[in-house]
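Those sequence lines, one after another, are chains F, W and R.
Per the numbering used here, the first sequence starts with residue 268, numbered consecutively.
Per the numbering used here, the second sequence starts with residue 5, numbered consecutively.
Per the numbering used here, the third sequence starts with residue 15, numbered consecutively.
Treat the hints as calculated values from the structure; they're not laboratory data.
All values derive from a computational prediction rather than experimental measurement.
We put the CB at the ideal spot given by N, CA and C, even for glycine.
Certain hints may be false.
Straight-line Cα separation of at most 16 Å, EDC-like style, residue types lysine to aspartate or glutamate; simulated pairs [to be verified]:
| # | chain 1 | residue 1 | chain 2 | residue 2 |
| --- | --- | --- | --- | --- |
| 1 | F | K512 | W | E286 |
| 2 | F | K367 | W | D106 |
| 3 | W | K274 | F | D603 |
| 4 | F | K361 | F | D376 |
| 5 | F | K363 | F | E559 |
| 6 | F | K367 | W | D49 |
| 7 | W | K173 | W | D78 |
| 8 | W | K194 | R | D109 |
If you want the ones that stay clear, here's a sample from chain W, every Cβ over 12 Å from chain F, calculated [stated by the list, open to error]:
| # | residue |
| --- | --- |
| 9 | R32 |
| 10 | V121 |
| 11 | R156 |
| 12 | S165 |
| 13 | G167 |
| 14 | D168 |
| 15 | L175 |
| 16 | D183 |
| 17 | H218 |
| 18 | L235 |
| 19 | D244 |
| 20 | R280 |
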Amino acid sequence: MIGEQVLIERQDIQKLLDVLHQKGYETVGPTIREGAIVYDQIASVEELPIGWTDEQDGGTYRLKRRNDQALFGYVVGPYSWKKFLHPPVLSLWKAKKSGKSLEIIPNSDEIPQYAFIGVRSCELHAIFIQDRVFTNGKFTDPHYQARRQKIFIIAVNCVQAGGTCFCVSMKTGPKATVGFDLALTEIIDGQRHYFVVEVGTEKGAEILQKVPTKPAQPSDKKSADERVAQAAQRMGRQLDTTDIKELLYRNLEHPRWDEVATRCLTCANCTMVCPTCFCTTVEDVTDLIGAEAERVRRWDSCFTLDFSYVHGGSVRASVKSRYRQWLTHKLASWIDQFGTSGCVGCGRCITWCPVGIDITEEVRAIRQSESAQLSERRG
Amino acid sequence: MVVTLKPQQIPVAVSTDPMVPVPYRLLRVRRETSDTFTFEFGSVDGSRFPFAPGQFNMLYLFGVGEVPISISGDPERPEILVHTVRAVGTVTTPFCKLKPGDIIGVRGPFGSSWPVVEAAGNDVVIVAGGVGLAPLRPAIYHILNHRGEYGRVAVLYGARSPGDMLYKKELAEWRGRFDVQVEVTVDAAKPDEWQGNVGVVTTLIPRAHFDPHHVTALVCGPEIMMRFTILELQKRGLRDDQIYISMERNMKCAIGFCGHCQYGPNFVCKDGPVFRFDRVKEIFGKREI
Amino acid sequence: MATLERLLSEHPFFKDLDPRYIQLIAGCAQEVTFKAGEFIFREGDPASRFWVIRNGRISLEVFAPGRGPIMIETLGEGDVMGWSWMVPPYRKQYDARALELTRALEFDAMCIRGKCDEEPKLGYELFKRFSQIIGQRLQATRLRLIDLYGSHA
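So that you can see chain F by itself, here it is in the shape it has in the complex (with noise of 0.2 Å):
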């Protein structure tokens, strides 16, 4: 079963939802708030973009109509899955204090069992990374592994790409081939509206069992593999990756973090839309009696002031210097702490940067002077 590829049209998808709602999962897919395309939970098809898409580019998002009713006709939108993985606010623990005695009450909320609808290829791999990142140490993460371990994933090949996209750059996609259930590819054709479905676990076959289905055709499994390499010969950005390690670490001083640190306002937006972006702090409450205390772990940015703070002062005041931060960890010093890069190529940042700064301009420039300081030296 595994690796088979069937069809699915267009009307059993929401069949689909339904056997995954009866199988206790908590269907959390696309859907369209405050014009732009979240992530949420979705019930039913209908709560899909059905028939929208995005336009992108640095600094830009707008949701524009399409002229078909397709489900996936987008790329990724401001929220990635680590919302849900890795969720934005959490109760660690509760703290309770009487007389001289100090008890410790560990959350024990249930965990959420979710089924990611439209998972795409470079989301994947961001969910590879955190995996990485939580539970591949010393130490793991419990709450991110509980998470995860529950977790369904349809995945979506992408069959257009967005102005910001580079997966290609990174390797992490357009195609989704490993780590789903089930991978869709949506195909429109003339009349004919349907999926051609990649089984990935013994999990999504059994799912797959209860949906109507149609073994695929070669002629459909050659017209989904097209409709992909077309995304993949369409990205909107390019990053070369040749030595990137070692050429940001020679390049810590370069004039061009002074440069972009003009432009950065240091909002620490790109942190929050990145996929792998895993910084937290904590906050420690307590109740106006001081009878009980919790301790709450928000995710936090590197952009911020407060963030490398030791006693005296902060250690990254200046704002080229956590930019560089941001920049060489994503890409340079992620490799040597996870044997990965922190990049996916998914373009968040640079399209929900509010000035448009965009990564693989940032790299290009350094790569660029050096490159023309090398040929001066030799002219």
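Fit chains W and R to the supplied structure of chain F, relying on the hints for placement.
Only chains W and R this time, still in chain F's reference frame:
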């Protein structure tokens, strides 16, 4: 370079949550200086607290917050947990008002340790500045507990003034031994309260007794003190891989998840706080890393 | 070799100095001993001598009205004390006091200057050694300006 990732097996067993503190009761407090205190804690359930010299704990003060503090007790007395805390921040200031019997939360021990086992067979020079003596004290205890395993041992300590010195009793005890060279210096002093050395800690290095080719240096203090100490050790002929330093960054989770303590590719909380110098020399001293 | 010359060549300050020069400057030196608490010089004294310390410890002090004496530096075995003899106005700027029984070799600065004039290569050698020491002291002083131990929590 881009590594294509394959999904990995997610470990199934949920381990004990490293984010949840365990209660400890304060047994004794000793005042070290005007703003620094040494606290001795015992676990509430009687369990022991094994640790390696140089490691740290996250100490939680109920309703206030948590701070990373290095462990400064004797590693061979794990029944007592010892911390030296300076009242400088929003957590440490109320922390220093704790009274015996009070309860705190403890997570740990975390991080890397001083190479006391690897240093056996060598001379050891320990250079501490200010409160930097606290994370080194367990290493000194270990070395003195196993004195026969080491060559010559020198402890060099610099403080701002005689009143700012930590562990005066222990320093006097160590100095009273015939097998340790203990040199202490202060930045300035009045002759009626101090008869010892005046000058920065780096001035002690040329007169410390050790074989530069067979010595391990353990250095802890403010970053800037460590920078100049390393220069002086290099002048004596030490290689970078003979020098160990302890870094300070903003440790919040202590287990490599929160990202705050990143130092280049390192998480100070789990790859450090103790680093062999050659492994961080490319970024050490670089601004705002 | 005369005792004085041997003591000179054993001192780190004169390490590897040509024996001919050792002999020359030995003529300007004498052995001295200071008892604990004894003042070696006082602020304002003419800077006509310098010392290389063989053993013991000496503190350099300034006296601040209302605060009393403040130790600003201690010198010990192997150190050189006094370089004001090299630069105008040739006056001592601090008090120097032996903290314990201290043995040193004391040099007559006029005599040394004379030898250096006769033998400029010796002069150059001595100035190199002194400037290294002055540089080290300046650096150590700068470090104290930073308040080296101030901010480690």
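Verification of the supplied hints:
Proximity of F:K512 to W:E286 is assessed by CA-CA distance (about 14 Å); at most 16 Å being required, the pair is judged to hold. For the proposed pair F:K367 and W:D106, the alpha carbon gap of about 6 Å is at most 16 Å, so the pair holds. Distance restraint check for W:K274 and F:D603: the Cα-Cα separation of roughly 14 Å lies within the 16 Å cut-off, and the hinted pair is therefore satisfied. Restraint check: the Cα-Cα separation between F:K361 and F:D376 comes to about 12 Å, which is no more than 16 Å; the hinted pair holds.
About 5 Å separates the Cα atoms of F:K363 and F:E559, which keeps this hinted pair within 16 Å; it holds. With a C-alpha separation of about 14 Å, the suggested pair F:K367 and W:D49 falls inside the 16 Å cut-off, and the hint holds. Proximity of W:K173 to W:D78 is assessed by CA-CA distance (about 15 Å); at most 16 Å being required, the pair is judged to hold. A distance of roughly 13 Å separates the Cα atoms of W:K194 and R:D109; the hinted pair therefore holds under the 16 Å criterion.
Non-interface call for W:R32 relative to chain F: holds, since the shortest CB-CB distance, roughly 16 Å, exceeds 12 Å. With a least CB separation of 19 Å from chain F, W:V121 remains clear of the 12 Å interface cut-off, as annotated. Taking the minimum C-beta to C-beta distance to chain F, about 34 Å, the non-interface status of W:R156 holds against the 12 Å cut. With a least CB separation of 19 Å from chain F, W:S165 remains clear of the 12 Å interface cut-off, as annotated.
Separation of W:G167 from chain F is adequate, the least Cβ-Cβ distance of about 20 Å exceeding the 12 Å criterion. No beta-carbon of chain F comes within 12 Å of the beta-carbon of W:D168; the shortest separation is about 16 Å. Every C-beta of chain F lies more than 12 Å from that of W:L175, the closest at about 24 Å, which supports listing it as non-interface. Distance check for W:D183 against chain F: the nearest CB is about 36 Å away, which clears 12 Å, and the non-interface claim stands.
Every C-beta of chain F lies more than 12 Å from that of W:H218, the closest at about 31 Å, which supports listing it as non-interface. Every CB of chain F lies more than 12 Å from the CB of W:L235, the least distance being 21 Å, so the non-interface label holds. Separation of W:D244 from chain F is adequate, the least Cβ-Cβ distance of about 18 Å exceeding the 12 Å criterion. A cut-off of 12 Å between C-beta atoms confirms that W:R280 is not in contact with chain F; the least separation is 16 Å.
This entry satisfies every hint, going by the numbered hints stated previously.
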